[in-house]
Amino acid sequence: MSGGNSKNKSRSKRHEGWEEAGGEFYQELYPGGEQELFDNLQRADAAKLATLLPSKQARNTTTAKRTRSQNERRQSTYARTTQSRDIHLSMLPDLSENLSNEERTWEEIMQIKAMPVPMHQKRDLKARLQNATKLRLQGFEQLQWRQRKVWYRFSIRFTEIMGKFELWQSALREIEGKFGVGVVSYFLFLRWLFFLNIAISLFVIVFLILPQVLLVENSLLCNDTYPNSTICCSEAYFNRNLTGNNVILDLIQGTGWMERTILFYGVYSDQIYSYFGKSLWQGEMFFNMPMAFILVPICWALFSLIAIVKTGAKGFKERLIESEGQFYMYCNLVFGGWDFCIHNEKSAKIKHKALYNEIKGCLEKERFNEETQLRSKESHILMHLRRILVNLLVFIILVASGVLIYYAFNYSRELLDEQMSGPEYVNRTAERLTLELYREGYTFGRFQNIVLEFLPSICIVVLNIIVPEIFEHLIHYEDYNPAHVIFISLLRTVLLRLSSFAVLLSQIYIQITDPNRILCSVYTDEGRLECWETYFGQQLYKLILTDFAVQFVMIFFINFPRSFIARHSHSNCLKVIGTQHFYLPKHVLDIVYVQTVIWMGAYFCPFLPLIGLIYSFLIFYMKKFACLVNSTPSPIVYKASKSKSLFMSFLLLGFVISIAPVAYAIAEIMPSINCGPFRGYSTVWEYVVITFDTFPNILREFIFLLGTSTFAVPAFAVLLFFLYYYWAVATANRHMVTVLKNQLVLEGHDKQFLLNRLSAFIRQHQKRCERNRASFADDDSEQNSSR
Amino acid sequence: MGQGKSQFTEEELQDYEDLTYFTKSEVLYAHQKFKELAPEKVGHNKNAKLPMAKILQYPELRVNPFRDRICKVFSSSNDGDCTFEDFLDMMSVFSQNAPKSVKAEHAFRIFDFDGDDMIGVSDLSEVVERLCGVELKLSESEIQALIQNVLQEADLDDDGALSFAEFEHIIDKSSDFSHSFRIRL
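Chains A and B, in that order, give the protein sequences. Be aware that the first sequence starts at 43, since it is given in this note's numbering, and climbs by one per residue. Be aware that the second sequence starts at 144, since it is given in this note's numbering, and climbs by one per residue.
Source of the hints: derived by calculation from the structure; they are not laboratory data. It cannot be assumed that every hint is accurate.
[As the list claims (entries may be wrong)] Each pair of labels, with its calculated beta carbon distance range: (1) A591/A x P242/B: 44 to 54 Å; (2) D166/A x N240/B: 17 to 27 Å; (3) K352/A x D222/B: 44 to 54 Å.
C-beta atoms are modelled at their ideal positions from N, C-alpha and C, and glycine is treated no differently.
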């Protein structure tokens with residue numbers, strides 16, 4: 043039967059395989075046998091002895107066949123050692139090893155792709171491996187292997203499908219080709235933020251916006267006997283006539299009709315929706331709106347934090363490895379300098395130039411460092427003095443901008459308040475004449491109103507544009523090295539943005555916590571702070587819109603004409619004005635800032651993540667335009683790996699800064715009585731505590747236990763133990779690394795020494811041979827002559 | 144893509160998928176790119192051998208300072224002419240999914256100009272010259288200083304050249320390398 047036949051065949055094949063394996067093994071141990079080695083040595087040029095070393099030969103793939111089999115062996119031993127973890131066994135020419143099972147064969151096939159051999163050899167190899175006899179796996183192992191294979195297939199298909207959906211692929215390629223990987227990492231970061239916003243938006247849409255839209259609120263009527271109750275207050279608030287402003291104006295300010303939409307905190311219900319399931323679930327279903335309103339922000343905040351840390355940790359790890367080898371700067375420059383993805387001739391030229399400058403800069407800096415060490419202390423002191431001076435100046439600028447925003451805010455508030463009370467005053471006292479006068483001024487007044495409304499936002503944005511430019515110039519006077527320059531200027535700009543932000547926040551905080559503020563809408567006509575959460579949401583909403591508008595104007599109406607001028611004029615002066623580089627730190631800050639605002643506002647204005655989603659989608663195209671059309675490739679070499687972790691650390695900073703005030707507001711500040719899900723509670727957190735009290739007793743006990751010291755102390759101790767363990771492992775590894783490195787050096791020296799001895803010996807030997815031959819020849823000639 | 148599909152059997156595609164870092168559709172896409180270099184020749188024979196000059200018209204390779212070395216390293220006939228399979232190998236190594244060690248292996252061979260399996264002083268100066276381009280030239284002393292610095296950093300056994308082990312050591316520690324040694328298909 044055919045079965046027996048094949049068995050026979052396989053046995054013979056096995057036999058051959060065994061012989062081959064044995065031969066290879068000996069070949070590997072003594073390459074070519076002693077005689078061959080000696081022949082080789084004799085033939086070899088003494089200087090090129092090093093190429094005969096086994097470590098070199100294993101890699102030498104140009105001599106096809108033998109190396110291939112060696113490589114194969116290396117691979118397979120590798121696979122086996124990792125599996126069996128028994129190095130000695132796998133080193134021996136064990137016959138059963140040659141008969142690998144299906145899983146190993148498959149693993150080996152998967153290893154082929156890593157081999158540096160041409161494709162047709164790879165295919166041969168694969169065919170050989172596939173046709174070789176192999177043991178079938180039995181039972182559970184078979185199942186496991188099947189599972190693994192299916193999983194592998196699935197993951198390939200999955201990445202293939204995901205690859206189709208991958209956003210902005212061609213745009214990234216284009217940017218990469220022109221600007222290199224450093225700038226692309228920025229756009230990847232932008233895309234990452236876009237996806238993050240999608241995730242946050244999903245949370246918000248599913249758990250806040252949809253329920254609010256779909257579920258029907260029970261209407262409660264205000265009972266006149268308790269005019270102070272939350273129901274009456276909110277009724278008064280919601281029934282108030284909104285000033286009939288222009289629709290578009292309301293749209294950009296978030297006031298008027300916008301205020302009463304699901305955009306803002308105010309309209310979200312304070313009720314627990316109940317819903318009677320028809321047949322599926324007998325009984326009531328609940329949706330606790332206030333609880334959702336607090337759980338959803340916690341969820342997305344945790345989600346963002348995990349996402350940031352997880353992405354940042356990858357870069358951080360790379361940086362840690364790199365920082366250990368700080369002195370690999372030149373190697374990095376030489377071997378990792380060229381971006382292989384550049385495909386545009388002009389950019390290639392600029393890249394050449396950038397590399398040239400970088401190399402020159404590095405060398406010069408080294409020389410400079412040597413010189414400064416030699417130089418007197420005077421210049422040292424002078425430099426430090428200059429740095430202190432510049433830092434002082436930066437500090438003054440920061441404070442000044444803070445003060446400016448403070449005044450702008452106060453000024454606009456005061457004028458707006460005056461106007462709020464103004465018209466009433468006019469209405470009451472003035473006759474028709476003055477009324478008409480007032481109407482004439484009305485359109486102007488409205489325009490003025492908008493300007494005043496937007497004054498703080500405009501002020502912040504304008505400062506954010508101008509001051510970084512000043513910082514950029516100042517930093518030239520400080521003589522930092524390039525990596526520091528980027529970091530320090532980034533830090534300063536961050537501080538600027540934060541200080542302006544902090545002023546805005548503190549202003550609003552002072553207004554909200556004003557003890558004289560009348561809380562219930564029944565008693566007051568003052569419209570602005572009736573629902574301070576909505577008001578705060580509006581501020582952030584305006585901030586985002588302003589930022590977007592400014593970005594838009596800057597890119598399309600200022601920078602684009604500039605670049606146009608630079609491209610088409612020949613005068614040097616205009617060229618200086620027009621040429622722009624894609625200055626990465628600034629652009630990073632732009633989007634980190636927006637993300638900070640989104641995080642901060644998402645609680646007060648649940649729609650903000652959605653707006654952020656649209657924003658980051660549009661800003662990608664705008665930045666792409668700014669990058670590809672407006673800018674010329676930067677002469678600064680941006681390192682992709684470094685910039686990635688830098689982005690993430692700044693994003694983390696932004697996250698902490700945006701979440702802290704929100705957390706404070708949730709924990710401490712009294713929510714408005716008139717609106718929102720937390721009407722009538724003294725803090726938002728109080729609601730959580732009250733809800734917690736209705737939980738079953740066991741759960742409550744359990745959670746209380748988590749808070750007590752009986753749990754905390756042991757948990758802390760265990761954590762400490764873990765920390766210590768990992769620290770110990772890390773130190774041991776570090777020690778091991780140094781030991782191995784020293785060993786490598788020693789081995790290298792040994793090898794060098796032996797090679798030298800060997801080549802000397804060979805030379806001696808060759809000389810002796812020649813001498814012998816010469817003497818033989820002499821003898822021959824003597825014999826001949828004697829004959 | 145349908146046109147490309149007709150040129151390969153399912154089996155071949157499976158082989159390519161197993162033996163490179165690409166999926167099947169990426170392989171087909173690569174073939175499309177290869178075909179664009181010489182539509183007629185490749186249309187006739189899917190695995191046609193294109194001369195080096197043709198291969199170098201691929202945009203990323205055209206401006207690459209090491210273009211001829213790349214072709215030579217990946218060429219199965221060792222003269223720089225590449226078949227589609229060689230091209231696929233090349234793109235597979237340059238792809239995002241290829242591990243660092245594979246990239247390092249090929250980078251070493253690309254930088255090893257004289258083929259003595261060591262990156263010596265002459266190789267390094269060639270690399271540096273190519274990096275700076277044709278127009279800008281570093282002075283001889285600067286190049287020497289740079290090479291000295293490189294060797295100081297990486298030449299662990301003080302033999303005046305970088306062996307593969309030393310080179311791999313550098314690459315392991317350089318996170319930029321795997322970012323920059325990449326060509327998007």
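- Query: Is 17 to 27 Å a correct range for the gap between the Cβ atoms of D166/A and N240/B?
  - Reply: Given a distance of about 23 Å, which is inside 17 to 27 Å, the answer is holds.
- Query: Given a hinted range of 44 to 54 Å, is it respected by the beta-carbon distance of A591/A and P242/B?
  - Reply: Because 46 Å falls inside the window, the suggested range holds.
- prompt: Okay, K352/A versus D222/B on CB: inside 44 to 54 Å?
  reply: 47 Å, holds
Going through the hint list in order, the structure satisfies each hint without exception.
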